[in-house]
Each structure stands twice: as structure tokens, then as C-alpha cells.
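So the chains spell out like this:
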Amino acid sequence: MRHIYCPNCGRKVRGASCPFCKYPLPASASSVTVKAEAIKPAAKESSKRATYILTGVLFLLSGVALALGANFILEIVWLTALGISLVILGAVMLAVGDSFTPVSPEFGVLLYKTGFDNTAVLIKKLGLKNRAVYLPASSLENGTGKAFIPPCDKPFTCLENVKELLEEGLPIESFGSKAIERYEVSKTSSVNEYEALLRASLVTEFGIAMKVQVESRFPLISVALRGSADLGEADLVRKTLGSAAASFAASAAAEVWGKPVLINSEKREGLKHTIRLEVINS
Amino acid sequence: MKAAGAFLISLTALLLATAVILTALGQEDIGFYYSIFVVETLIAIELFNRLRIKAGRGLSIVSTFLFMGFLIIVISEVVGVFL
Numbered sequence: 005m006r007h008i009y010c011p012n013c014g015r016k017v018r019g020a021s022c023p024f025c026k027y028p029l030p031a032s033a034s035s036v037t038v039k040a041e042a043i044k045p046a047a048k049e050s051s052k053r054a055t056y057i058l059t060g061v062l063f064l065l066s067g068v069a070l071a072l073g074a075n076f077i078l079e080i081v082w083l084t085a086l087g088i089s090l091v092i093l094g095a096v097m098l099a100v101g102d103s104f105t106p107v108s109p110e111f112g113v114l115l116y117k118t119g120f121d122n123t124a125v126l127i128k129k130l131g132l133k134n135r136a137v138y139l140p141a142s143s144l145e146n147g148t149g150k151a152f153i154p155p156c157d158k159p160f161t162c163l164e165n166v167k168e169l170l171e172e173g174l175p176i177e178s179f180g181s182k183a184i185e186r187y188e189v190s191k192t193s194s195v196n197e198y199e200a201l202l203r204a205s206l207v208t209e210f211g212i213a214m215k216v217q218v219e220s221r222f223p224l225i226s227v228a229l230r231g232s233a234d235l236g237e238a239d240l241v242r243k244t245l246g247s248a249a250a251s252f253a254a255s256a257a258a259e260v261w262g263k264p265v266l267i268n269s270e271k272r273e274g275l276k277h278t279i280r281l282e283v284i285n286s
Numbered sequence: 002m003k004a005a006g007a008f009l010i011s012l013t014a015l016l017l018a019t020a021v022i023l024t025a026l027g028q029e030d031i032g033f034y035y036s037i038f039v040v041e042t043l044i045a046i047e048l049f050n051r052l053r054i055k056a057g058r059g060l061s062i063v064s065t066f067l068f069m070g071f072l073i074i075v076i077s078e079v080v081g082v083f084l
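The listed protein sequences correspond, in order, to chains X and D.
Under our numbering, residues 5 to 286 are what the first sequence spells out, in order.
Under our numbering, residues 2 to 84 are what the second sequence spells out, in order.
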């Protein structure tokens, strides 16, 4: 049976108008049905979160009651141990349940694609095709790193310095420049720290790669990713800003070395995704 | 979030198996049970720390509290030896 969702309050309804909010329902419910289906995963995530938290609270309370009762009243050791294990499980469940985001990963990917499709349209309209330069937060006034699309492909041939790039270039908030704000990165110029940062973010947090390996022949840095996810960015965005992984790798390199970074090339060969970066001594 | 489900199932199985084995071995010290549970939980958290950062933070708070309980048991045992 197909359900119709009210476009106003989102509840499952039937008839000509919503019985809850009196909103008139469209004659053809197909478009409304599709929209409501798209929202479903987010609701699923929220309900998962609620289930984990509720189970965690139940485990915690019953564990405390069981441990105290078994230890002080019944004086049974194994039952007390069972109560303690319930308390531990309850606490862990609460911690894990709290980590569920209110939106589903599918919704996140959709938002990402929408954002970059719009960026691609703007870049195309402005006639820009050059590769972006990723600047560290320290070189910008507001203290957050950004990608700047310069007026020429080799930025420091037509521009004198970073100051000119800030004036002439088009500032773009990319995935990498936004994501790097989540980490406390200090300017260490250390390849090991850079690799650890990429592993913590791309592999552990975002899950868009399975393995990271960094090789550096300064000022050239090569980042090899295994099992890297293709998020389907528009070609123009890939050419200018790079893929999500490349954009993050460039932003992270800019912060670690404290210098502008350019994505020289990106290549996908089966499961291997190689990103070549260049740290610019401006 | 499949990792979270796998983590919780593994931890539940681990704690339950430990409780059964220690009971079968005739262990009567509740501090010993707690210590083993804490060590197992900390190892499991470390192994499954591929969860998101936010979950990592929540789990590190849990780890801290568990470790504090573990320290209290160790200190009380040490004090018991000297007194």
C-alpha cells in the first residue's frame, strides 16, 4: 500500500486534505511520496539514536539495581558481576548512541553533490578553469583556510605573492577547507604528522578512504589512497578544487607546512587514488 | 554505523563470556571481575575506535570513569596489603 505524506506536516494521511493540519493534498501524490521517502533515512537515524540511548539508560539503571541488590542483599558474586557488566554496557551504549547524526549519510552525500554542482555552475559562468590554491588559515584575516581560484593556471607567474592572490583570486569554501577546521593542526612541516592527520580524517572520521600513504620530495607531496570513495563531483569542480579527498589533502598540507598548496594532479587507477600536491614557496 | 553495532555485540559477548568463565573458575572477588571487565572494555574501545570523533569523545569519558573505578580498586588493594 502506498502512503501519502502531507507536504505541510509530513504525517501519513489520506483524502483531499490533511486531517491534522487541514493542508490541501495534491491530486497526484507521486511527487509528495518521493519527497517523503527521501526524508525517511534521516528519521531512521534518529530512531536508531533514540533506541541506543533508551537501551543504554535501561541497561545502566537495571545494572545499578542488580549490582547493589546482588552485592548487599543477596550476596551473590556472579550476579553482582553481571550487574557491573550491564552498567558498563549501558554507559558505552549511551556514548555510542550520542554519536548518531540527525541526518543520514545519503542526505550528506546529496547535500555535498548539490553544493558542488552549484559551485560548478558558478565557476563555469565566471569562466574560471584554473586550479585552486589552498591557503593556510594563518595567511587569512578571519583565521580560516580557504581555496582561492587564481586568474591564471600557474598562480605565481601572473601574481606576485599571496597578497595579490587574496585580492585577485576567487575565494571558495571547499570540502577540505571546511573539514580541516575540525582539527587542531599546528605548523610542524612533518610528513608523519601529515600522514597521521589524513589517516584520522579520511579513513577514521569521514570513511572516504581505507588506507593512506604519503611520500614527500619537498615541495612535492604524493598522497596514495586505497579504497577511496568516488563522490561523483562535477568535472569542473574536480579540475579546479579537486575531489573531496584531494581538497582535504591540500588543505591539511597548507596547514601543516603553513604555505599555499596546489593540487598538481589526481589519478584513479582501480582502487588506487593518487593525489600529487605542490607546496608553493611564495 | 555498522561498526557501532558490531562493537556493542562484541563487547556484550566478551563481558558475558568473561562473567561465565570467571564464575565457572570459582572467582569470588568482585574487584577482580570489575578489573577484568574494565581492561576488556578499554581494549575493545581502543580496537573499535574507528567510530566517529564524537563517539570517540563519549567513549573516552566512559573510559576515564571506568579507569577511575579501576584505580580505586587497585589503591584499596595496595592499602590493604600495607595495613
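Take these hints with a grain of salt, some might be off.
[Unchecked claim] Covered stretches of chain D (chain X as the covering partner; in silico rule of three or more C-beta atoms under 8 Å from a C-beta of chain X):
hint, stretch
1, 6–20
2, 25–34
3, 77–84
[Unchecked claim] Pulled a few chain X residues facing chain D out of the computed Cβ check, cut under 7 Å:
hint, residue
4, S66
5, L70
6, I80
7, L83
8, I212
9, F222
10, L224
Derived by calculation from the structure, the hints in this document are not laboratory data.
Note that beta-carbon positions come from the ideal geometry of N, C-alpha and C, so glycine has one too.
Holds or violated: is there a CB of chain D closer than 7 Å to the CB of F222 (chain X)?
Hint on F222 (chain X): violated, closest Cβ of chain D at ~29 Å, above 7 Å.
How about the stretch 77–84 of chain D: do at least three of its residues have a C-beta closer than 8 Å to a C-beta of chain X?
violated (count 0)
Restraint outcome when L83 (chain X) is required to lie within 7 Å of chain D by C-beta distance
Result: violated, 10 Å to nearest chain D Cβ.
Closest C-beta approach of S66 (chain X) to chain D relative to 7 Å, hint status:
With Cβ-Cβ at 14 Å, over 7 Å, it is violated.
If you look at each residue in the stretch 6–20 of chain D, do at least three have a Cβ nearer than 8 Å to any Cβ of chain X?
holds (count 8)
With a cut-off of 7 Å, does the beta carbon of I80 (chain X) approach a beta carbon of chain D closely enough for the hint to hold?
violated (10 Å)
Please check whether L224 (chain X) passes as an interface residue: C-beta within 7 Å of a C-beta belonging to chain D.
Interface hint status for L224 (chain X): violated (30 Å vs cutoff 7 Å).
Hinted contact L70 (chain X) with chain D - closest CB pair below 7 Å
With a minimum Cβ separation of about 12 Å from chain D (threshold 7 Å), the hint on L70 (chain X) is violated.
I212 (chain X) was flagged as interface toward chain D. Is the shortest Cβ-Cβ separation under 7 Å?
violated (13 Å)
Please count how many residues of the stretch 25–34 of chain D have a CB within 8 Å of a CB from chain X and say whether that reaches 3.
With 5 residues closer than 8 Å to chain X, the stretch 25–34 of chain D meets the three-residue bar; holds.
Hint check: violations occur at hints 3, 4, 5, 6, 7, 8, 9 and 10; the rest are consistent with the structure.
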